[in-house]
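Engineer: Protein chains in written order, with my numbering: chain A, 1 to 302; chain B, 1 to 302.
Bear in mind the hints are in silico, worked out from the structure with no lab data behind them.
There may be inaccurate statements among the hints.
The list makes no distinction among identical chains, and a pair is therefore deemed to hold if it is satisfied within one copy or across any two copies.
Stated by the list, open to error - Heads up, simulated DSS-like pairs for lysine-lysine below, C-alpha to C-alpha not over 30 Å straight-line:
(1) 193 - 206
(2) 206 - 179
(3) 77 - 179
Because the structure is a prediction, the values reported are computed rather than measured.
Protein chains: 2
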Amino acid sequence: MAEHPLKLIVVGSIGIDTVATPYDRAENILGGSASYACAAASLFSPTGMVGVVGEDFPTEHEDLYRHFAIDLSGLQKKPGETFRWSGVYRDNMDERDTLSTELNVFADFNPEIPPTYREAPFLFLANIHPALQLLVLDQMQSSFVLLDTMDLWINTELELLTQVIRRVDLLAVNESEAKQLTGERFLPVAARKLLDLGPDYVLIKKGEHGCMLFSNDRTILLPAYPLASVIDPTGAGDAFAGGMIGALASTDRVDTATLREAMVAGSIVASFAVEAFSLDRLQTLSRSELNERIRLYRAMIG
Amino acid sequence: MAEHPLKLIVVGSIGIDTVATPYDRAENILGGSASYACAAASLFSPTGMVGVVGEDFPTEHEDLYRHFAIDLSGLQKKPGETFRWSGVYRDNMDERDTLSTELNVFADFNPEIPPTYREAPFLFLANIHPALQLLVLDQMQSSFVLLDTMDLWINTELELLTQVIRRVDLLAVNESEAKQLTGERFLPVAARKLLDLGPDYVLIKKGEHGCMLFSNDRTILLPAYPLASVIDPTGAGDAFAGGMIGALASTDRVDTATLREAMVAGSIVASFAVEAFSLDRLQTLSRSELNERIRLYRAMIG
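The task is simple: from the sequences and hints, build the whole structure.
Structural biologist: Following this line, the structure appears as structure tokens:
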């Protein structure tokens with residue numbers, strides 16, 4: 001900490017997942033938005049994690065967080081069991097159905113921000129209840145906040161979510177969330193409406209079809225890296241956003257050029273993340289593999 | 001002709017369409033792959049059209065072709081009625097259902113290439129029966145041939161279609177056709193298999209999600225221009241490919257840089273084409289509007 005002051009704090013969920021795709025299946029693997037986002041971000045910047053696990057949380061998972069050099073001062077361990085999620089992907093792997101959700105210790109999660117985290121310049125509010133996201137915002141003094149959310153909160157907590165959106169710098173949504181939040185069919189129109197809610201930037205994540213970033217005077221379009229294999233799409237959006245804000249945090253600047261570079265970084269980290277279950281591919285990813293794919297991708301996008 | 005020797009010949013269908021979308025409807029409008037492709041191509045290069053219409057073909061449509069300065073030496077007028085197609089788009093406008101097809105004079109179409117067309121360096125075989133595409137290839141001496149097709153021929157005339165694919169330089173397919181032709185789920189893998197059939201380039205059109213061009217040593221990725229309105233997607237793929245090969249023909253070179261520029265041109269022409277029914281938007285499109293959107297798009301893709 002003294003040597004590498006934290007540039008970025010990520011607050012999100014930590015879970016034990018069971019995931020089935022049409023081609024494969026994995027049980028009781030490490031998941032959650034904070035896990036994917038922190039692992040991705042830590043490839044670029046010193047990152048601190050805020051989340052909660054139960055007493056059953058395997059030591060090996062904590063060791064894996066340490067492998068990524070994630071700061072765990074904000075990781076709470078509470079009596080009870082860790083959050084569990086189970087889901088199954090449909091044929092095209094674009095859609096999934098949740099089979100079960102056990103909130104466990106996550107039900108009473110109260111995100112407490114360690115004093116050493118409060119002045120970190122970048123904050124990623126990964127997907128958790130918007131009331132908790134507001135509690136985090138009240139404790140932090142970050143200059144750049146990225147917000148992710150999900151359809152559940154749009155449906156059930158729209159007013160609270162709108163309060164959070166008003167206070168962040170970059171809102172990340174997927175295509176259907178953008179349409180759902182605005183009632184607009186066309187993404188540039190939806191993005192304008194989302195910008196009117198307060199954020200300086202709106203990122204629309206389109207998965208295998210790339211991403212778009214909108215501000216009031218700029219649009220940045222990126223195609224996705226074309227993959228020859230996808231094992232598990234879980235966490236791709238978190239890895240994208242985590243990689244993106246990690247790359248931004250490493251530059252300490254936010255402008256069109258750094259945002260574009262950060263989107264490239266996020267795209268490529270996400271492209272690795274989906275090549276295996278859980279954090280398995282990010283765990284073995286070398287700096288030279290990462291740089292080589294970024295180089296290939298840059299040539300493809302011109 | 002003497003002043004502007006034809007650089008590009010387009011062979012395809014000409015039809016009278018009735019189109020319904022969830023938001024609008026148009027009856028008896030000019031359609032067909034050759035109509036969209038020639039109109040788009042003619043924005044960049046002198047283009048000759050090969051196709052067939054019936055005696056009922058309205059003079060105003062022929063006048064519209066002339067408005068685009070399309071050379072009509074290859075346009076046959078035969079006794080009988082013009083090809084008619086009617087279709088309805090589903091909610092997301094990604095998929096459509098054909099309500100009726102009346103081949104009429106198109107059933108006996110025998111594409112005869114005028115002598116003045118035969119040495120045109122660029123040829124676009126737009127979507128028609130692969131047997132007819134072979135007849136055209138036998139009559140032409142073009143150095144660069146772009147081929148488009150549709151799922152119908154993949155299902156019913158795969159052997160003939162494969163013969164055509166073997167003889168062209170660039171194969172254009174959409175995502176589902178690429179998967180259907182190869183049995184591969186991942187586009188880079190499908191593209192490799194398609195390249196193995198013979199073409200130097202495989203273009204995968206993804207509609208609102210952009211396009212990808214593959215060769216044995218290069219990949220070019222482009223996102224689509226983000227539209228704030230789509231009235232009718234009919235002909236978007238033909239306008240894209242027509243604009244692309246028209247732009248290529250205007251440079252007289254085919255290399256990575258010109259292909260990328262041609263894909264940009266095709267993307268932007270297609271983005272205008274879908275803003276109205278039939279060729280209505282291309283008809284009113286000014287050079288400055290076209291150039292301005294290309295400029296905006298370039299800034300978005302970096």
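Engineer: Which numbered conditions among the earlier hints are violated in the structure presented, ordered from lowest to highest?
Structural biologist: Hint 3 alone not satisfied by this model.
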